Amino acid sequence: MTIAVESAPASASKTVGQRLPAPSRAGDVFSERFTMVMAVSIFALIGLILYELLVGAWPTIKTFGFSFLTTSSWNPVTEKFGALPFIYGTLLSSLIALLIAVPLSIATAIYLTELAPLWLRQPLTSLIEMLAAIPSVILGLWGIFVMIPFLSKFVYPGLQSALGWTPFFSGPIFGIGMLSGGIILSIMVIPIITSVSREILSSVPNLQREAAYALGATKWEVTRVAVLSYAKRGLFGAIILGLGRAIGETMAVTMVIGNSSRISASLFAPGNTMASVLANQFAEASDDAFLSALFAVGLVLFLVTVIVNLFAQLLLVAAGGNKHGKLA
Amino acid sequence: MNTHGTVREWGDNHKFRKGKSALVSALCVLAGILVVTPLALVFIYLVIQGAESVNGNFFTQLPKPSGELGGGMANAIVGTFTLLGIASLIGVPIGVLGAVYLAEYGGPKLNWWIRFSSDILNGVPSIIWGIVIYGLMVVPMKGYSALAGGVALGCLMIPIILRTTEEVLLLVPQGYREAALALGIARWKVILQIVIKTASKGIITALLLAFARVAGETAPLLFTALGNNFWNRNLLQPISALPLQIYSFATSAFDDYHRQAWAGALVLVTLVFVLNISVRFLTRDKA
Chain A
1 MTIAVESAPA SASKTVGQRL PAPSRAGDVF SERFTMVMAV SIFALIGLIL
51 YELLVGAWPT IKTFGFSFLT TSSWNPVTEK FGALPFIYGT LLSSLIALLI
101 AVPLSIATAI YLTELAPLWL RQPLTSLIEM LAAIPSVILG LWGIFVMIPF
151 LSKFVYPGLQ SALGWTPFFS GPIFGIGMLS GGIILSIMVI PIITSVSREI
201 LSSVPNLQRE AAYALGATKW EVTRVAVLSY AKRGLFGAII LGLGRAIGET
251 MAVTMVIGNS SRISASLFAP GNTMASVLAN QFAEASDDAF LSALFAVGLV
301 LFLVTVIVNL FAQLLLVAAG GNKHGKLA
Chain B
329 MNTHGTVREW GDNHKFRKGK SALVSALCVL AGILVVTPLA LVFIYLVIQG
379 AESVNGNFFT QLPKPSGELG GGMANAIVGT FTLLGIASLI GVPIGVLGAV
429 YLAEYGGPKL NWWIRFSSDI LNGVPSIIWG IVIYGLMVVP MKGYSALAGG
479 VALGCLMIPI ILRTTEEVLL LVPQGYREAA LALGIARWKV ILQIVIKTAS
529 KGIITALLLA FARVAGETAP LLFTALGNNF WNRNLLQPIS ALPLQIYSFA
579 TSAFDDYHRQ AWAGALVLVT LVFVLNISVR FLTRDKA
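As they're listed, the protein sequences go chains A and B.
The first sequence begins at 1 in this note's numbering and counts up one residue at a time.
The second sequence begins at 329 in this note's numbering and counts up one residue at a time.
Among the hints, erroneous ones may be present.
Here are the simulated SDA-like pairs of lysine to any residue, each with C-alpha atoms no more than 25 Å apart in a straight line [said to hold, decoys possible]:
hint	chain 1	residue 1	chain 2	residue 2
1	B	Lys348	A	Arg209
2	B	Lys348	A	Leu120
3	B	Lys343	A	Arg209
4	B	Lys529	A	Met130
5	B	Lys470	A	Leu48
6	B	Lys437	A	Asn206
7	A	Lys219	B	Leu362
8	A	Lys219	A	Ala116
9	B	Lys346	A	Val204
10	B	Lys348	A	Leu127
11	B	Lys348	A	Thr218
12	B	Lys470	A	Ala289
13	A	Lys62	B	Lys343
14	B	Lys470	A	Leu54
15	A	Lys153	B	Leu369
16	B	Lys437	A	Leu45
17	B	Lys525	A	Ser24
18	B	Lys529	A	Leu127
19	B	Lys517	A	Val29
20	A	Lys153	B	Arg515
21	B	Lys346	A	Asn206
22	B	Lys525	A	Arg209
23	B	Lys348	A	Ile307
24	A	Lys153	B	Lys343
25	B	Lys517	A	Arg19
26	B	Lys346	A	Ser229
27	B	Lys392	A	Glu284
28	A	Lys62	B	Pro468
29	B	Lys346	A	Thr218
30	B	Lys529	A	Thr125
31	B	Lys517	A	Pro21
32	B	Lys343	A	Ala214
33	B	Lys348	A	Asn206
34	A	Lys219	B	Arg345
35	B	Lys529	A	Ser126
36	A	Lys232	B	Lys346
37	B	Lys437	A	Lys219
38	B	Lys437	A	Gly216
39	A	Lys153	B	Lys470
40	B	Lys525	A	Val29
If you are wondering where the hints come from, they were derived from the structure by calculation, not from laboratory data.
Fair warning: this is a prediction, and the values are worked out from it, not measured in the lab.
Construct the complete structure from the given sequences, taking the supplied hints into account.
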């Protein structure tokens with residue numbers, strides 16, 4: 001700043017009536033290029049992930065091809081690898097998580113935007129956002145020592161006696177297992193779905209609500225007709241964002257799901273998700289074929305989460321104003 | 329009679345509708361309670377179990393071998409800060425300067441793609457960064473290292489910092505830039521001395537948010553920093569971190585380790601929440 005002010009009169013007095021020499025643009029050109037490289041490195045990072053995963057997974061892709069996704073034997077000793085148990089585990093645990101989380105989250109979001117007294121809204125929102133900040137490993141610790149003992153003492157036996165005739169709730173109860181994994185996942189995705197849904201619902205214009213009230217609608221009818229139907233797409237985006245989070249969530253699930261590579265119909269049986277098999281087995285993978293198979297699992301996990309997140313982002317962008325990515 | 333009937337029906341219907349509305353409201357309240365309950369339980373257990381276990385030794389001693397009582401996580405606490413330091417060397421310059429490009433230079437089309445990609449990158453599971461950095465650094469360098477762990481965390485930070493910093497930079501009034509440019513100041517100086525300076529509080533907020541998010545990460549460290557039961561001053565050697573230590577203690581079969589896992593969890597959550605709450609205070613001032 002000072003340079004410009006001092007040098008201007010000095011050069012002006014020397015070159016009266018002449019144009020000032022154009023100031024150097026080098027600094028600007030450099031800073032634009034330099035910051036551009038930094039910004040564009042986002043693309044490079046995505047490329048880097050894809051490249052490393054492909055290189056690591058290549059031997060497995062060459063040996064097993066597409067059957068890697070459709071076979072269910074996972075045997076490091078005979079070097080036979082099929083990722084189906086983990087794909088199944090990821091889908092099932094995420095499904096359980098969403099079945100629990102979606103109704104609770106959306107109802108809570110409705111409470112926060114439509115029903116709660118004004119003074120309560122902000123503190124409650126902050127509280128729920130704090131739940132999102134709890135590190136996954138701590139939720140896993142709580143899951144092992146508090147949630148699982150509680151569930152296997154008070155909830156699972158009841159579930160089994162009521163629904164034990166279905167294959168899903170039969171068999172021995174270990175405590176750790178697919179259902180516990182799904183429940184801890186639901187606790188992890190509830191804050192995300194709730195806070196994104198809350199933002200979506202509170203962005204619904206008040207005119208919508210007033211119009212419905214003016215027609216004599218009750219509170220619930222206003223919510224259903226004027227708010228929920230207006231926010232449908234955004235809410236769907238919030239759910240998909242939660243799904244993406246559930247698919248990729250690692251530590252808490254790893255600690256309660258039981259690390260088994262077998263597919264079982266029973267929800268009480270131990271299992272593995274794609275993320276948890278990586279956490280459980282990557283460090284002990286000694287030979288190249290095993291390691292490569294795990295890289296291939298990572299590749300599948302990466303592609304699935306990218307597709308799910310792509311979908312969620314597009315929905316949220318379409319729902320207007322994407323501020324949600326950074327929350328996830 | 330007919331008219332009477334419809335009127336009564338309307339009245340009943342109205343009552344029914346009111347009742348339905350009240351029922352749904354009650355269900356929403358119930359959902360809210362159900363959502364907050366596990367949170368409250370996590371906090372209560374953390375505080376009770378953690379407070380019993382945190383003592384002076386926890387902050388000053390190394391972990392004891394399994395079977396021996398006592399010991400602490402001093403090395404893990406230092407390790408967490410070391411890893412955050414390395415991570416910020418990567419995450420902060422790339423994130424902040426990238427955000428400067430988005431806010432100050434970039435055209436709408438390229439910006440859209442960068443924002444979109446960074447949101448996608450933000451959704452990539454953190455364990456994926458663990459195996460990518462394993463392939464990129466651990467294998468070629470023939471060993472787990474603090475450096476690899478820090479790089480993994482740094483990569484995780486980039487999209488978070490990029491997006492939040494950009495928002496903060498866009499809050500700087502356009503008039504500031506125009507006034508400075510009208511004085512003939514070069515654009516890069518305007519950015520450096522006016523825009524970044526004005527937004528500095530917000531940028532610090534963005535960085536704290538990224539630290540809070542990354543400090544609790546375990547998955548990207550499992551195959552990069554690995555963990556270490558001893559002091560380590562060599563960045564090319566494995567290093568411990570609080571989340572790693574909590575994970576290995578929680579999954580061990582030893583009661584005193586479980587006790588210390590709770591203590592570690594309390595310390596880690598306190599660290600994360602202090603970062604988060606300072607963010608709240610910083611942003612409250614600005615608003």
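Item to complete: Compare the structure with the hints numbered earlier in the document and write down the numbers of the violated ones, lowest to highest.
Response: Checked against the structure, the hints that fail are numbers 6, 10, 13, 20, 22, 23, 24, 37, 38, 39, while the rest are satisfied.
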